[in-house]
Amino acid sequence: MKEQPSSLCLHRAGPTGSLVVRALSVRYGSSRVLQDITTEIQPGRITGILGPNGAGKSTFLKGLLGLVPLERGEVCYRGRELGSEQVAYLPQRSVIDWTFPATVWDVVLMGRVKPTGWLRRIGRQGRQRAAQALERVGMSAYRDRPIGQLSGGQQQRVFLARALAQEAEIYALDEPFAGIDQPSGEILFQVLRELADAGHIVMLVHHDLGQALTYFDEVLLLNQGLIAQGSPQQVLQPQVLQRAYGSSILLDLAA
Amino acid sequence: MEFLWRSLSDPLSFAFMQRSLLVAVAVGILCAVVGSYLLVQSLALLGDAISHSLLPGLALAYLFGLNLFVGAFVAGVISAVLIQWIRSASPIKADAAMGIVFSAFFALGILLITLIQRRARIDLNHFLFGNILGVSATDVLTVVGITLLVLGLVALFFKELTFYSFDPLGAEAAGLPTAKLGWGLMMLTALALVASMKAVGVLLVLAMLITPAATAYLLVPQLQQVMLLGSLFGVSASLIGMYASYYLNVASGPAIVLTASFWFGLVFLSRVLLRSR
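Protein chains in written order, with the numbering used here: chain U, 180 to 434; chain R, 511 to 787.
Simulated from the structure, these hints should not be mistaken for laboratory data.
One or more hints might be untrue.
Taking beta-carbon pairs under 8 Å as the criterion, some of the chain R residues facing chain U (in silico) [said to hold, decoys possible]:
(1) F673
(2) F676
(3) A683
(4) A684
What you are looking at is a predicted structure, and each value in this text was computed from that prediction instead of being measured.
Using N, Cα and C, we set each Cβ at its ideal position, and we do this for glycine too.
My request is simple: use the sequences and hints to build the entire structure.
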């Protein structure tokens, strides 16, 4: 197989397994959504992507994974441009059409589509993996339910099972905790913890600053650019937050 | 009973009715399967746009003595490419891009056919509304061939096409070539439309794509079931419409489409009535 020179990352080799982001910029039409974001996302920890509404958090996640065209910048993983690696991406629940004719089992099996490969049926091993994933999120009893009949938290757990079934190295979730019940939230958090402990890259967009202290090992604070990065204790300081949110945040926190 | 049997079997002693029967069954299955994908992706209007755009391809192929199916297919694909190009290279939204392209193609098609009519006797209505009783043996082979090809491709790529239809971003992140899958679906749609145009005509073929699949969608919870049950609705609509066309001497397209719409109305109304109790 010939190697494409453009897919090699010569500039910087991060520590093994980390995601190296250089000068990432995204533009939608005439407005720039993200500007020159350079950072590194480490495996083995849960990284939260925080920032005010319209800060470009979701776009950052999509830009990282190549789901929106980049104006500039590159994303490297294990010395090559990220692309062909297996990524499990969970979009915001609101962008999915939940009236799609599929059962819980159908959706979890979608996680096995890429690992199974072209022109092949999903085999016994793949089905086993999918069944285990469904078991892990506590949704085995709902296997044959149409997805439209689930609650928001259950839908998110099914998506999580799909991601687990995929056996990816990188897990990227867009607002997974938005609008879900507490038991689902706890399962979600436990599973993310296990994935991080197993040495995977786990990153998620999140909107609630209060929970960030307990959920995340590392926080990226965004507002078009990268405002701050570090442990939640380092980043969630009033003077740091003010640079991302403006002064209104202090009133919110005081309230 | 005897009478019913005779009414059904008598027409089949004619070779042209046997040919129509084959085409009706093929089109019913083909359209329901491809239409299921359009339905779940909210792409019904794109199906409409491509079907209207077949007309100039048909006319040009006729003019130059080329294969009508090939001409129509090429025109359908060109229209899909143009729609995509206008969308991506300008702030024009998808529905407007479709409206612009398909009316331009349709107008061109009508213009070409009226020009042809000055020299040759062809019936514009057959292009617009279908003439299933007028299919030739070659037409049957082509339609059955296209049907087998499309069904085979859908079977081979079912899991990828379904993942892509449900969650295109998740599928792309997982490493599936979503742009190619999207174009693949366009090609399958164009093929299904081309295969159906003789039976129902370019104006009404959208109904064969959407109505049987939508009827099934109201009844069953899985995509493969929507395809199967949709095929059943599609085939029965085609057959009933074909007999109506034979006995009542009406155009086949409207007869088939009205039958499909009748199934939909029946299922929809019984659902509404059962729900309200």
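Comparing the hints with the structure gives:
| no. | hint | in the structure |
| --- | --- | --- |
| 1 | F673 | holds, 4 Å |
| 2 | F676 | holds, 5 Å |
| 3 | A683 | holds, 3 Å |
| 4 | A684 | holds, 4 Å |
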